[in-house]
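Engineer: Chain by chain, the residues:
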Amino acid sequence: MKRMRCAGLLRDQLLPIRHPSARMFPPHHIRRTPHFTATTTTTTTTNPRPLSTSTRNRNSATTTAPAPVETSNPNPPATTSPEPPQPSSSPPPPQTAPTTLPPCRSPTTSAKLAALHARLSLHPKFPVQTLARALIHPSADPNPLFNNRSLTTLGSALINYYATEWLLCTYPRLPAEVLRAALSAYVGAKALASMGREWGVESAFEPRADVDAGLLQFKRLPPGPEVEASGYKWWQEKGERWTNGVPEEEATASFVTSTFAGVYLHEGVGPVKQFFRQHVLSRKLDIDKLFNFVQPTRELSSLCSREGFEPPIARHISETGRRSIAPVFVVGVYSGLEKIGEGHGGSMNEARIRAAVNALKGWYLYSPAPQVDLPSKTDDDPHAPFRPAVIDVGEVIV
Amino acid sequence: MFNPATFLRRGLPEIRSTTSKSLAFIRHESNTRRHTKRLRLPPHPDFKTHLTTDSPSLTQILHNPPAAAPSVFVTPTLFLPKDDPRRALQTAASPINGTPEELTLPPPVTEIKEKKYHLTPTDFSRMRSLRKSDPGLWTRRKLAEEFGTSSLFVGMVAEADDERRKKMWAKAEMVKKQWGPRRRNARIDRAKRREGWGGADGY
Chain A
11 MKRMRCAGLL
21 RDQLLPIRHP
31 SARMFPPHHI
41 RRTPHFTATT
51 TTTTTTNPRP
61 LSTSTRNRNS
71 ATTTAPAPVE
81 TSNPNPPATT
91 SPEPPQPSSS
101 PPPPQTAPTT
111 LPPCRSPTTS
121 AKLAALHARL
131 SLHPKFPVQT
141 LARALIHPSA
151 DPNPLFNNRS
161 LTTLGSALIN
171 YYATEWLLCT
181 YPRLPAEVLR
191 AALSAYVGAK
201 ALASMGREWG
211 VESAFEPRAD
221 VDAGLLQFKR
231 LPPGPEVEAS
241 GYKWWQEKGE
251 RWTNGVPEEE
261 ATASFVTSTF
271 AGVYLHEGVG
281 PVKQFFRQHV
291 LSRKLDIDKL
301 FNFVQPTREL
311 SSLCSREGFE
321 PPIARHISET
331 GRRSIAPVFV
341 VGVYSGLEKI
351 GEGHGGSMNE
361 ARIRAAVNAL
371 KGWYLYSPAP
381 QVDLPSKTDD
391 DPHAPFRPAV
401 IDVGEVIV
Chain B
2 MFNPATFLRR
12 GLPEIRSTTS
22 KSLAFIRHES
32 NTRRHTKRLR
42 LPPHPDFKTH
52 LTTDSPSLTQ
62 ILHNPPAAAP
72 SVFVTPTLFL
82 PKDDPRRALQ
92 TAASPINGTP
102 EELTLPPPVT
112 EIKEKKYHLT
122 PTDFSRMRSL
132 RKSDPGLWTR
142 RKLAEEFGTS
152 SLFVGMVAEA
162 DDERRKKMWA
172 KAEMVKKQWG
182 PRRRNARIDR
192 AKRREGWGGA
202 DGY
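Which chain is which? The protein sequence lines are A and B, in order.
So the mapping is simple: the numbering used here equals the position in the first sequence, first residue as 1, plus 10.
So the mapping is simple: the numbering used here equals the position in the second sequence, first residue as 1, plus 1.
No lab work stands behind these hints, which were simulated from the structure alone.
None of the values given here were measured: they were computed from a predicted structure.
A couple of the hints might just be wrong.
What the hints assert, rightly or not - Some but not every residue of chain B turned toward chain A, in silico, with C-beta under 7 Å:
1) Phe-74
2) Thr-76
3) Phe-80
4) Asp-85
5) Pro-86
6) Leu-106
7) Pro-108
8) Gly-199
9) Gly-203
What the hints assert, rightly or not - Here are the simulated DSBU-like cross-link-like pairs (lysine-lysine), alpha carbons at most 35 Å apart as the crow flies:
10) A:Lys-200 x B:Lys-193
11) B:Lys-116 x B:Lys-193
12) B:Lys-116 x B:Lys-133
13) B:Lys-133 x B:Lys-143
14) B:Lys-167 x B:Lys-178
15) B:Lys-193 x A:Lys-294
16) A:Lys-283 x A:Lys-135
17) A:Lys-387 x B:Lys-133
18) B:Lys-117 x B:Lys-133
19) B:Lys-172 x B:Lys-143
20) B:Lys-116 x A:Lys-294
21) B:Lys-193 x A:Lys-299
22) A:Lys-299 x A:Lys-135
23) A:Lys-299 x B:Lys-83
24) B:Lys-114 x A:Lys-299
25) B:Lys-83 x A:Lys-283
Note that beta-carbon positions come from the ideal geometry of N, C-alpha and C, so glycine has one too.
So that you can see chain A by itself, here it is in the shape it has in the complex (with noise of 0.2 Å):
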């Protein structure tokens, strides 16, 4: 069934979506095979297949599949195909003379391309065909033998699941609110554009057959009014997501998640938490920033009754300017003896509830002091000496 619906793609993506007359590019011979399901589709891909975005063309393309299925041989005479019948409503486009593709276009001969490869360090084991296909968003070239979108699956499933084994071994006591913004700060959409931006990849404008092979390929989405995360809605089936385009910030993010699932199958698990550890976790991230509290002191003598601590008593440290316009009063809140959290500000009772914020913030940013080991330390070696994860009982619910 691929097979058939990758000939007759083969027949029609070139139909441009909003020029129909300004057809350029026929078939070349540029092969482009795909990395993963190359066994069992090896002779289909070997056709060059261009891009094309247009629904009706993949439709197109499933009605009329059984008429290509002879011209799906290993090598076939591209420019010379005979025409599969079309559907009515959609004339036969004119034909053009066949013109030959930049070798840009080919991953192996593209130099954006081997530049990318060598500035990301990437191993040679990593070969430039799946960059290449890392490239190609879904909203490109809807074929999934050709776009990175199970690249994506598996890239986004590795880089959440290390984030947060990595944010939940290092500060057990995270509220869930502030983990998940934790999460998003770290592997969310925006960062992983900002990555794939410091990487260095440019975009093409329009996801054409001539483009750079180096280029990140996408359907645009038309300006108009902003849509609500990349106008995808949830009663939308999977397939329609694409047809309006998406951001350019969906698009980088595609990219540098599948590049993760790239290092992942073709250098192996140590070297893609070496990468993850690089590219991810060396960016800073003020996690004491991320928390908001509606009642701090009701939540930390919450805490402390919760834990069988003393009540939460502030004190009075020092202040400075009373009568002036810029006074500064220090607060801290001791529970018995011990002082838990120290606040400034303006007026005795911000200090008090800053002293207070700064108290939870103590507690909630407990790390473990030798660094535990992460549950996918095990995962090349299993006997490897582990030293388990503090498990804390859940944050104070007021």
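Once you've looked at the hints, dock chain B against the given chain A.
Structural biologist: Quick look at chain B alone, frame taken from chain A:
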């Protein structure tokens, strides 16, 4: 004979037209010396540069961080688990080590109230029935005085019914309508600042 210094002294006041008095650059006192002398302070006793018998020469690393607010990433000793190795270190370094009876804690910000726990379930039901009978008369404050507790606690035990709550809400809204723009904006700003104290202002 031409003296350039004299020429300069006479010429300058005319150039500096902004000054009313005629000024000349004659230095009666050394400003630099006065100011540097004022800055020449002995180091603070906490500053660990003075040579002692233990460390006659400075071969160790000196760490004298400037005064700053404590970091939230340093977990207080009380919040550390029992088996944490930092617990012993922090206890040894803390000022309350050894002599807790000599330690004087700073004064409390508000008066410390001991909780009395003197109310019984019958008091609670009586409080609720009083509140229900005439919420206008048996307000939270009055009930608090009657039962010797706080108005916050009365609010927790005997909540007002919806009718009373709506009435009081409408009353407050009426009062707020009377406010002019200055008072209204000041209240809005105050509420915003207060929200930021919980950590939202990132400071």
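Engineer: Which numbered hints does this structure break?
Structural biologist: As far as the earlier hints go, 17, 20, 22 are violated by this structure, in ascending order.
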